[in-house]
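**Q** The task is simple: from the sequences and hints, build the whole structure.
Line by line, the protein sequences give chains A and B.
First residue of the first sequence? That's 1 in UniProt numbering, and the numbers climb one at a time after it.
First residue of the second sequence? That's 1 in UniProt numbering, and the numbers climb one at a time after it.
Hint data in this document are derived by calculation from the structure and do not stem from the laboratory.
One or more hints might be untrue.
Below, a sample of chain B positions facing chain A; criterion: calculated Cβ distance under 10 Å [to be verified]:
1. Glu30
2. His45
3. Ile278
In this text, a Cβ means the ideal position worked out from N, Cα and C, and glycines have one as well.
Protein chains: 2
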Amino acid sequence: MKIETIREAAGRLAGHARRTPLLSSPFLDEIAGRRVLVKPECLQHTGSFKYRGARNTLAAMAPERRARGVIAFSSGNHAQGVALSAREFGVPAVIIMPSDAPALKIANTRALGAEVVLYDRASEDRDEIGARLAGARGLTLVRPFDEPLVIAGQGTVGLEIAEDAAALGLDAAAVLVPCGGGGLTSGIATALAAEAPGLRVHPVEPEGFDDVKRSLIAGEIQRNTRLSGSICDAIITPAPGDLTWPIIRRLCGAGIAVSEDEALMAMAAAFTRLKIVIEPGGAVALAAALYHGSEIEGEAVIAVASGGNVDAALFRMALERFG
Amino acid sequence: MKIETIREAAGRLAGHARRTPLLSSPFLDEIAGRRVLVKPECLQHTGSFKYRGARNTLAAMAPERRARGVIAFSSGNHAQGVALSAREFGVPAVIIMPSDAPALKIANTRALGAEVVLYDRASEDRDEIGARLAGARGLTLVRPFDEPLVIAGQGTVGLEIAEDAAALGLDAAAVLVPCGGGGLTSGIATALAAEAPGLRVHPVEPEGFDDVKRSLIAGEIQRNTRLSGSICDAIITPAPGDLTWPIIRRLCGAGIAVSEDEALMAMAAAFTRLKIVIEPGGAVALAAALYHGSEIEGEAVIAVASGGNVDAALFRMALERFG
Chain A
1 MKIETIREAA GRLAGHARRT PLLSSPFLDE IAGRRVLVKP ECLQHTGSFK YRGARNTLAA
61 MAPERRARGV IAFSSGNHAQ GVALSAREFG VPAVIIMPSD APALKIANTR ALGAEVVLYD
121 RASEDRDEIG ARLAGARGLT LVRPFDEPLV IAGQGTVGLE IAEDAAALGL DAAAVLVPCG
181 GGGLTSGIAT ALAAEAPGLR VHPVEPEGFD DVKRSLIAGE IQRNTRLSGS ICDAIITPAP
241 GDLTWPIIRR LCGAGIAVSE DEALMAMAAA FTRLKIVIEP GGAVALAAAL YHGSEIEGEA
301 VIAVASGGNV DAALFRMALE RFG
Chain B
1 MKIETIREAA GRLAGHARRT PLLSSPFLDE IAGRRVLVKP ECLQHTGSFK YRGARNTLAA
61 MAPERRARGV IAFSSGNHAQ GVALSAREFG VPAVIIMPSD APALKIANTR ALGAEVVLYD
121 RASEDRDEIG ARLAGARGLT LVRPFDEPLV IAGQGTVGLE IAEDAAALGL DAAAVLVPCG
181 GGGLTSGIAT ALAAEAPGLR VHPVEPEGFD DVKRSLIAGE IQRNTRLSGS ICDAIITPAP
241 GDLTWPIIRR LCGAGIAVSE DEALMAMAAA FTRLKIVIEP GGAVALAAAL YHGSEIEGEA
301 VIAVASGGNV DAALFRMALE RFG
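**A** Right, here's the structure in full:
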């Protein structure tokens, strides 16, 4: 990934993706024992950074190919990013979702104009359904992370962090990024290596799903043994991607794994101190900043809050336990 | 109030107050039946717009006078705005709060470095305590709304709205503003009259506390009969101010009154669709945009979400009932 590819993405996203700020609170600084800055991508269109990569991918497609439509597999944030981007270009989007996906996410994806195709996880083959539909209709697959245009789109988060950190006079900081397949992490790491080399990315994952942390220790790709059973569903993937892993290995510092309770505590802290709504998977970086200080070096930390698509019942539970 | 006074405030606040964006969601547009843009001042430092007026007032004071310190009466958002501003200038702040104010707000105000003086609402005279302390220590009173520098600071919200609306190509819209004493409303109205005359401000209040709406109908100041018993505590005041009322009468369109349930519904909608946390008093303008469309003209509405300092228990209740 070249920095120029991310700069091109920024050009395509200008006037479309929301330019998110860096938020802060003296109360968070006190908990962390250092300066804490939060990049609230929960405020991005569709409630997560995923819109950036999806919109960049569609914007870069040849118009004739794009006009035939796009297809994606997702039960969550990527689905909504692709659906909104397709609607903005006036082209069809087919999203293949498991039939047991949350009803609200299915409804939202449909409301954004996408055709939702449900499949049964136990008896049907998602990839076969996708390949058949794509072939029959000439749809282009938009991958969730292992795709250069997607990584470049997510990397624009890093360009904004570099710009805002410079304006604050910050030339050294740990940058904590919630990490699933690694699209956001590798994109930000590439942007910062070029624009703000004193800002070092650390991937953050939930305990029990820390494939990237273990891969960094082992020096080669490690896989998760489980793929469900976490409230941090937005960032649960089998392993880092073929494109994202070499970037992460080359540019990132050590990974950090946080507990589910720490993610819920970070959600409550963001509610009280920043007035933003974060989902569990989007809260792991802030959780690491607040509760894993001994694994971080330096006087400042920037935590990406990658998404806010959380059900009201789960959010209420976080506030009840930790608010 | 001259527009130059607000521009001077913007100069003093540059690099200190957070520049908040305009947020939107196609789902909110659908509820309202028109385009909805939200100005999230809940993301401002201390969780409300009050920081702008307080910081501007302290920044404009003569340094020798400021060094003796400031004093304010407040049980909520103004207290935190004054406390943080005073801490930034390294000067003392005394905040006089009722002893039955929420423990969290007292704790936050103290944590921001202010000296909190509690008084008993039933048996003690707040003004007498304030006058005595101010006289003995040479403290300067920072009024919550009826003060030109405070109005000018809040008016910078209007400058930002004008700038962002122009960038979106919006030259006509209703601008709905939560209204207590009228500092924010009159400041924004002054800024927009000069910078974006097609954007017309409408004050929004809770039912039963709609002194400004009734004042606009009567053409002279009307008072509230009650001063407590609303969850919208942040915007409950006896009547519009001597300075704010003439501005509101001259520049604002009709007032709108919303129910407490509508405010709670707007809080839940902002949680689900915008990923921001709003307090009931800060949600009344969004409530008017979503549920009082027949009282608004035009194809676009801009709602100011003025603050987010809400207790977790009340927020959970809003989500439980309407999330």
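**Q** Using Cβ atoms only, decide whether His45 of chain B comes closer than 10 Å to chain A, and label the hint accordingly.
**A** holds, 8 Å
**Q** Does the CB of Glu30 of chain B sit less than 10 Å away from some CB of chain A?
**A** Because about 8 Å separates Glu30 of chain B from the closest Cβ in chain A, which is inside the 10 Å limit, the hint holds.
**Q** Using 10 Å as the Cβ threshold, decide whether Ile278 of chain B counts as touching chain A.
**A** holds, 8 Å
Hint compliance for this structure: no hint is broken.
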